[in-house]
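There are 2 protein chains.
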Amino acid sequence: MTSSGTRTAEVLGLGAYLERTQERVEAALSSYLPEVEADPAAACPARLAQAMRHSVLGGGKRLRPVLCVMAAEACGSEGAPALPAACALEMVHTYSLIHDDLPAMDDDDLRRGRPSCHKAFDEATAILAGDALLTLAFEVVAREVRPGSAALRCVRILAEAAGATGMVGGQMADLQAEGRTATQGEPVAGTLAALEAIHRRKTGALLRAALGMGAAVAEATELCTQALDRYGTAVGLAFQIVDDLLDVQGDPTKLGKRVGKDSELGKWTYPRFLGIDGSRRRARQLAEEAVAALEPLGPRGEYLRGLALALLERDR
Amino acid sequence: MTSSGTRTAEVLGLGAYLERTQERVEAALSSYLPEVEADPAAACPARLAQAMRHSVLGGGKRLRPVLCVMAAEACGSEGAPALPAACALEMVHTYSLIHDDLPAMDDDDLRRGRPSCHKAFDEATAILAGDALLTLAFEVVAREVRPGSAALRCVRILAEAAGATGMVGGQMADLQAEGRTATQGEPVAGTLAALEAIHRRKTGALLRAALGMGAAVAEATELCTQALDRYGTAVGLAFQIVDDLLDVQGDPTKLGKRVGKDSELGKWTYPRFLGIDGSRRRARQLAEEAVAALEPLGPRGEYLRGLALALLERDR
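Same order as they appear, the protein sequences are chains A and B. Be aware that the first sequence starts at 14, since it is given in the working numbering, and climbs by one per residue. Be aware that the second sequence starts at 14, since it is given in the working numbering, and climbs by one per residue.
Worth double-checking, as some hints may not be accurate.
Since copy identity is lost for identical chains, a pair holds within one copy or between any two.
What the hints assert, rightly or not - List of simulated lysine to aspartate or glutamate pairs, DMTMM-like, C-alpha gap at most 25 Å:
id	residue 1	residue 2
1	Lys280	Asp135
2	Lys270	Glu315
3	Lys280	Glu36
4	Lys274	Glu308
5	Lys280	Glu232
6	Lys274	Glu36
7	Lys270	Glu301
8	Lys274	Glu315
9	Lys74	Asp264
10	Lys132	Asp256
11	Lys280	Glu48
12	Lys132	Asp119
Keep in mind the hints are simulated off the structure, nothing from the lab.
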């Protein structure tokens, strides 16, 4: 994310905060992933461990972990009690990228500037690495989040967001909208409402879950939980609009993936419905809605406010 | 499973119990799976719901759910408090079959006597249906198992059994042993010990988890939990040996899948190491170990005892 010129002092603070959080997330992720041991009796085959580490530790903005940690801290948590939940979100996000990149799905060779998992290894290994990461996410939450009631709440939030009515359902609807798999009677109309219904599930649900899990770990009040949920919904859509804009105007070196792919595939995107300027305006409006939603949190919501605005300016 | 002539009275009781449990599991599974609704705003796309229902409700012995329910009842649970955990186990088992059947993995067209998921739908849909089932398993446990402490314990048992050090790791090691994916330095020796190390993870871990989740739901004593764990370990291996024998001698009509595939693929199997008779003896010995492990449960272990012996005679 780049800083916005008019908010230098505040965004510098945000930048340092982001850097520190990303470092903590990186270290925690590495500690939760299986080690690469070339021991036939070792429970996790070395190749599987390598594939998981390749994909998870291969860079990335760590947006979902950052949102989760920020949400917990905005609700009064201190220290780093949200780190396991934050890592679980990144594992689920990474598994979805591994599976989406498969030849039978989006068929992408490049991810985060490196070969996607099935290119670096092979398809079978990539399928299994994704499966293992999804499973590990729930294991880490159940084992590490305290108290148990917060852990259970996190499992439920994560599963609902990631499953058939959330992220996986959104990917399915997206494939259908592109005509890459059949529909079973369900209409997949090319309208803005249909586009938003896909994104609400495909990317929005997990971003919202990041806020919800942060609130759960902090055992937040209902008022704070709802404020964060409204923030998450608005930020999730804004994030997707910027994603669509980056596919039109982004720099592939910074993005670490190809651009222009959406229009090649005839994908429904925000720029296609609203134009470039219209999409930018809609993203800004959503970011402002997100900021407004934080009002009940008071000064503790400062980093989340900064992040919502910084997302508008991101270049990767 | 067929009845053994010498144990008619007892096995009849077991047969009726199995039938009743299977019916309960079937109804509960159907209630947890997303409905097929042709509504574009519906959260779960109709095609995804169809694929999930096709694979889960397409028959199967329901061995893991049955073991889970039996374990809970053997520890004193009454009513059906283990049903959500039992269904979660079947969802995880089914997802693993869907992914294992994919062309990049075992490339099987037939499963439970019907087209496998990617044949009935397509590869992308099958990958997503598997992902959604794995996720739904954790959702159902977190939402339905009571009390919360038992739910959390079940999430952890299930995730540990299903993940990189359990089922997924076993499938990876199996692909490596068949030379279908590379190794990364780890030796994959063709020894009986190496074969058992694969099965302990690939099929054994989830069978053991079925017993552990049943014990967790029943809030069983440590003594009962350990007895069930020893039972599960022995039954898991016995089950796999019978599976290998069925691939040599089974009836494809009853099995609902091809036979002779293991030797075509040059797979390491029990008959290859121990011969047909030696494999039978080993399976019986393990079933007897399983029965002996149940001693602390007293008469409540009767169905589990009957099941361990009936598994030796199964023809599908």
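I'd like to know which numbered hints this structure contradicts. Please list them from smallest to largest.
Hints 2, 3, 4, 5, 6, 7, 8 and 11 contradicted; others consistent.
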